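**Q** Residues per chain are reported as follows:
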Amino acid sequence: MIDGEDDIVKSAIAGEASAFGLLYKHYQPRIYRFVYLKVGRREEAEDLTHHVFMKAWQNIENFKPRGFPFSSWLYRMARNQVIDSYRTRKAETSIDELDPDFLKSDEKTEHSFDMSLEVKAVRKAILELKPEHQDVLVLRFIEDLSVKEVAEALNRSEGAVKLLQHRAMEKLRTILE
Amino acid sequence: MNKLEHILNQLKNIQPDRTYADRSLNTIVNSPRSSRVSWFSFTFFRVAEYGAAVALVGLLFFVMMGNSSLVELFSPIRSNSLNTGGLRAEAEAIDIQIKLLGIDYEESSSTASLTTVAAPSFARKKTIRPIAASVETSTPMTVNTTTPNPDIDDVLDLLSE
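If you read the sequences in order, they're chains A and B.
Mapped onto the numbering used here, the consecutive letters of the first sequence carry residue numbers 1 to 177.
Mapped onto the numbering used here, the consecutive letters of the second sequence carry residue numbers 178 to 338.
Everything labelled a hint here was simulated from the structure, so no lab data went into it.
Note that the structure is predicted; figures quoted are calculated from it, not measured.
Positions of the beta carbon are idealized from the N, C-alpha and C atoms, including for glycine.
Do not rely on the hints blindly, as some may be mistaken.
Facing chain B, according to a computed beta carbon distance under 10 Å, are these residues of chain A, among others [to be verified]:
no., residue
1, Ser18
2, Gly21
3, Tyr32
4, Arg41
5, Trp57
6, Gln58
7, Ile60
8, Glu61
9, Arg66
10, Pro69
11, Ala121
12, Glu132
13, Phe141
14, Ile142
15, Ser146
16, Lys148
Below, a list of computed lysine-lysine pairs in the DSSO-like style, where the Cα atoms sit at most 30 Å apart [to be verified]:
no., chain 1, residue 1, chain 2, residue 2
17, A, Lys162, B, Lys189
18, A, Lys162, B, Lys180
19, A, Lys124, A, Lys64
20, B, Lys189, A, Lys120
21, A, Lys55, B, Lys180
22, B, Lys180, A, Lys171
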């Protein structure tokens, strides 16, 4: 959450493009990552992320804080955008189509190469999970959202999120084994 | 933090292309915000939506409460013909007569029985075909119970002469 986010959101609602720009720069990488990990292709993730922020800009006055960060609203829109894209065309994801440079690691050691392979395996395993398991794993372990924030973003109860998290981790381990 | 969570954490390194991000932001903030511009029309349609809902509920209530008069008003069928009292009187005026004309046993044919039931006569005479269990005939028969049956033996004797 950005410092003074409520004021920035209010300014964006009033139509200040610079305020929306601040929100965009802070949240766009997270939304892109969330979408990318669900669809598996960079071009598609870029398109969907663009549509998410376009909708956010055009409907920002509908955002009601209710004590949750702006990101919860964005994640919810991103999730719906991905679901819509699944509906319009069948998702065809292959590990061969993955962008080999999607991980930017500064380390060049042998260990980092091994880790990169492991990360790629996890990345592939995430694509095999159910969408709701993907959502919880990405938001909890990659975006570091609290259970409460994830519950708000996914429109679920906190108990349901904890249960989904447990099942998602089990399923991920099973796939990796 | 276990190994799997550590690996998941490394996925944070996924970043969008910088050029794409800048271009996307410019496109977004330069696009018109239709909802902000059309605040008046949004409010107007919201009010119209609620108004239409209330009007429809009122119309439904009105139809439910006064449907009989509305049916009479708009129906292409005149309600006089649907008057239940008139229909009942008309039904009672129909002359329906069911008569058991006769049940007779022919002594010569112990198994044959003849039962005739006359159909309802609606102010006109009809020739009734008897229903016979063992006698087939193609000509209509009229059974008269008032005249005595001739003795079949006498008739046969007469024919044999």
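**Q** Each hint should be assessed against the structure and marked as holding or not.
**A** Hints and how they fare:
1. Ser18: Holds, about 8 Å.
2. Gly21: holds, 6 Å
3. Tyr32: holds, 4 Å
4. Arg41: violated, 13 Å
5. Trp57: holds, 5 Å
6. Gln58: Holds, about 5 Å.
7. Ile60: Given a least distance of 8 Å, the restraint on A/Ile60 holds.
8. Glu61: holds, 7 Å
9. Arg66: violated, 20 Å
10. Pro69: violated, 17 Å
11. Ala121: holds, 8 Å
12. Glu132: violated, 17 Å
13. Phe141: For A/Phe141, the interface hint holds, since the closest Cβ of chain B sits about 4 Å away, which is under 10 Å.
14. Ile142: holds, 5 Å
15. Ser146: violated, 16 Å
16. Lys148: Result: violated, 19 Å to nearest chain B Cβ.
17. A/Lys162 / B/Lys189: holds, 21 Å
18. A/Lys162 / B/Lys180: Given that 30 Å is the threshold and the Cα spacing comes to 20 Å, the pair holds.
19. A/Lys124 / A/Lys64: With Cα atoms ~36 Å apart, A/Lys124 and A/Lys64 exceed 30 Å; violated.
20. B/Lys189 / A/Lys120: holds, 13 Å
21. A/Lys55 / B/Lys180: Violated, because 37 Å separates the two Cα atoms, which is more than 30 Å.
22. B/Lys180 / A/Lys171: With Cα atoms ~15 Å apart, B/Lys180 and A/Lys171 stay inside 30 Å; holds.
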